[in-house]
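Take 28 as the starting number for the sequence shown in my numbering and just add one per residue.
Take these hints with a grain of salt, some might be off.
Mimicking DSS-like on lysine-lysine, the simulated pairs with C-alpha atoms at most 30 Å apart in a straight line are [what the hints assert, rightly or not]:
id, residue 1, residue 2
1, 211, 183
2, 219, 62
3, 109, 99
4, 152, 43
5, 152, 217
6, 53, 115
7, 217, 43
8, 84, 54
9, 207, 219
10, 54, 83
11, 207, 54
12, 230, 99
13, 54, 227
14, 183, 99
15, 219, 183
16, 83, 217
17, 152, 84
18, 227, 84
19, 99, 84
20, 43, 54
21, 99, 152
22, 62, 183
23, 84, 217
24, 115, 43
25, 183, 53
26, 99, 83
27, 227, 183
28, 62, 99
29, 207, 217
30, 183, 83
31, 53, 227
32, 54, 99
33, 83, 53
34, 207, 84
35, 211, 43
36, 43, 219
37, 183, 109
38, 207, 43
39, 53, 207
40, 219, 54
What the hints contain is simulated information worked out from the structure, not anything from laboratory work. Since we're looking at a predicted model, the values are computed, not measured.
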Amino acid sequence: EKENQSTNAFLELLRKLRYEIERSNKKIFLFTSTKPQQGKTTLIQALSYILSLGRKKVLILDTNFCDNELTKLGNASPVLEKFELTGKSFDIEDLRNLITPTAVQGIDIIGCQGGDYTPMEILPKNHLLNYLNQINEHYDYIFLEGASLNEFSDSKELLPYADGLIAVFSSESDFTAADKESIKFLVENKSKFLGAILNKVDKNNLEL
Numbered sequence: 028e029k030e031n032q033s034t035n036a037f038l039e040l041l042r043k044l045r046y047e048i049e050r051s052n053k054k055i056f057l058f059t060s061t062k063p064q065q066g067k068t069t070l071i072q073a074l075s076y077i078l079s080l081g082r083k084k085v086l087i088l089d090t091n092f093c094d095n096e097l098t099k100l101g102n103a104s105p106v107l108e109k110f111e112l113t114g115k116s117f118d119i120e121d122l123r124n125l126i127t128p129t130a131v132q133g134i135d136i137i138g139c140q141g142g143d144y145t146p147m148e149i150l151p152k153n154h155l156l157n158y159l160n161q162i163n164e165h166y167d168y169i170f171l172e173g174a175s176l177n178e179f180s181d182s183k184e185l186l187p188y189a190d191g192l193i194a195v196f197s198s199e200s201d202f203t204a205a206d207k208e209s210i211k212f213l214v215e216n217k218s219k220f221l222g223a224i225l226n227k228v229d230k231n232n233l234e235l
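Turn these sequences into a full structure, and let the hints steer you where they fit.
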């Protein structure tokens, strides 16, 4: 019974998050954190699932090149770094060979090979992120995962391609001076920054 209550609480919290996502009127979201291992990957998967229950179509782009866990978990083809349009305009058919359908209807993923590089260093000139607005005509939402702000510049390079920015914090993490610098970046981009999600909260503390 306690396990069922815990699961229900998790689902209800996800539904509240779904409501905030839908009411934001934004379509392309970048999820980042100040530190690694804050739960971004699991959160993106769970939020995509809860949106699919509302018959929404979600495309997940694994843009966390330093830790491509979304690609591994979704068994996605690592193609993001390789895609480049040369000499022609973008057509949605160009996407067909890139996406990997997940086990959940309505959720697709595009994986990355991953490595010690940033988006600016590895993506070709006419890369896929340039065409997210066209792609978004065929999906309700597009989710990108960025590497942690304290250690990497990836999320800063990805932000111009997103409509909204969401930060994920773990309740198990300490607050450091490096976090302050990363939070300053979030505040400086308040036009896109929608807020933060406190993750890994003990269920006994949810009412605090």
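Here is what the structure says about each hint:
Distance hint between residue 211 and residue 183 is fulfilled; the C-alpha atoms sit about 12 Å from each other, no more than 30 Å. Of the pairs offered as hints, the one joining residue 219 and residue 62 holds, with about 20 Å between alpha carbons and a cut-off of 30 Å not exceeded. Between residue 109 and residue 99 the alpha-carbon distance is near 17 Å, which keeps this suggested pair within the 30 Å criterion. Taken as a hint, the residue 152 and residue 43 pair is broken in the structure, with Cα atoms around 38 Å apart against an allowance of 30 Å.
For the hint pairing residue 152 with residue 217, the CA-to-CA distance comes to about 28 Å; that is within 30 Å, so the pair holds. Of the pairs offered as hints, the one joining residue 53 and residue 115 holds, with about 28 Å between alpha carbons and a cut-off of 30 Å not exceeded. For the given pair, residue 217 sits about 22 Å from residue 43 by alpha-carbon distance, which is consistent with the 30 Å threshold. Restraint check: the Cα-Cα separation between residue 84 and residue 54 comes to about 11 Å, which is no more than 30 Å; the hinted pair holds.
A threshold of 30 Å between alpha carbons decides the hint, and for residue 207 with residue 219 the separation of about 19 Å falls inside it, so the pair holds. Of the supplied pair hints, the one linking residue 54 and residue 83 holds, its CA atoms being roughly 11 Å apart against a limit of 30 Å. The hinted pair formed by residue 207 and residue 54 meets the criterion: a straight-line CA distance of about 28 Å does not exceed 30 Å. A distance of roughly 29 Å separates the Cα atoms of residue 230 and residue 99; the hinted pair therefore holds under the 30 Å criterion.
Of the pairs offered as hints, the one joining residue 54 and residue 227 holds, with about 26 Å between alpha carbons and a cut-off of 30 Å not exceeded. Only pairs whose Cα atoms come within 30 Å are accepted, and residue 183 paired with residue 99 is accepted, the gap being roughly 24 Å. Taking the CA atoms of residue 219 and residue 183, the gap is about 12 Å. The hint holds against a cut of 30 Å. Between residue 83 and residue 217, the direct Cα distance comes to roughly 27 Å. Compliance with the 30 Å bound is thereby established for this hinted pair.
Note on residue 152 and residue 84: the hinted pairing holds, with a Cα-Cα distance of about 28 Å set against a maximum of 30 Å. For the suggested pair residue 227 and residue 84, the alpha carbons sit about 26 Å apart, so the restraint of at most 30 Å is met. Between residue 99 and residue 84 the CA atoms are separated by roughly 21 Å; this keeps the pair inside 30 Å, and the hint holds. For a cut-off of 30 Å, the pair hint linking residue 43 to residue 54 stands: about 17 Å separates their Cα positions.
Distance hint between residue 99 and residue 152 is fulfilled; the C-alpha atoms sit about 26 Å from each other, no more than 30 Å. A C-alpha spacing of about 14 Å is found between residue 62 and residue 183, which places the hinted pair at or below 30 Å, so the restraint holds. Distance restraint check for residue 84 and residue 217: the Cα-Cα separation of roughly 27 Å lies within the 30 Å cut-off, and the hinted pair is therefore satisfied. A distance of roughly 42 Å separates the Cα atoms of residue 115 and residue 43; the hinted pair therefore is violated under the 30 Å criterion.
Distance restraint check for residue 183 and residue 53: the Cα-Cα separation of roughly 19 Å lies within the 30 Å cut-off, and the hinted pair is therefore satisfied. A hinted pair counts as satisfied when its Cα atoms are at most 30 Å apart, and residue 99 with residue 83 qualifies at roughly 23 Å. Among the hinted pairs, residue 227 with residue 183 is consistent with the structure: their alpha-carbon atoms are about 25 Å apart, no more than 30 Å. Distance hint between residue 62 and residue 99 is fulfilled; the C-alpha atoms sit about 20 Å from each other, no more than 30 Å.
For the hint pairing residue 207 with residue 217, the CA-to-CA distance comes to about 15 Å; that is within 30 Å, so the pair holds. Of the supplied pair hints, the one linking residue 183 and residue 83 holds, its CA atoms being roughly 28 Å apart against a limit of 30 Å. Taken as a hint, the residue 53 and residue 227 pair is honoured in the structure, with Cα atoms around 26 Å apart against an allowance of 30 Å. With a C-alpha separation of about 25 Å, the suggested pairing of residue 54 with residue 99 holds against the 30 Å cut-off.
The suggested pairing of residue 83 with residue 53 holds, with an alpha-carbon distance near 14 Å, which does not exceed 30 Å. A distance of roughly 35 Å separates the Cα atoms of residue 207 and residue 84; the hinted pair therefore is violated under the 30 Å criterion. Distance restraint check for residue 211 and residue 43: the Cα-Cα separation of roughly 26 Å lies within the 30 Å cut-off, and the hinted pair is therefore satisfied. About 20 Å separates the Cα atoms of residue 43 and residue 219, which keeps this hinted pair within 30 Å; it holds.
Restraint check for residue 183 and residue 109: satisfied, since their Cα atoms lie roughly 21 Å apart, inside the 30 Å limit. Using a Cα cut-off of 30 Å, the hinted pair residue 207 and residue 43 holds, with the two alpha carbons roughly 27 Å apart. Restraint check for residue 53 and residue 207: satisfied, since their Cα atoms lie roughly 27 Å apart, inside the 30 Å limit. Of the supplied pair hints, the one linking residue 219 and residue 54 holds, its CA atoms being roughly 12 Å apart against a limit of 30 Å.
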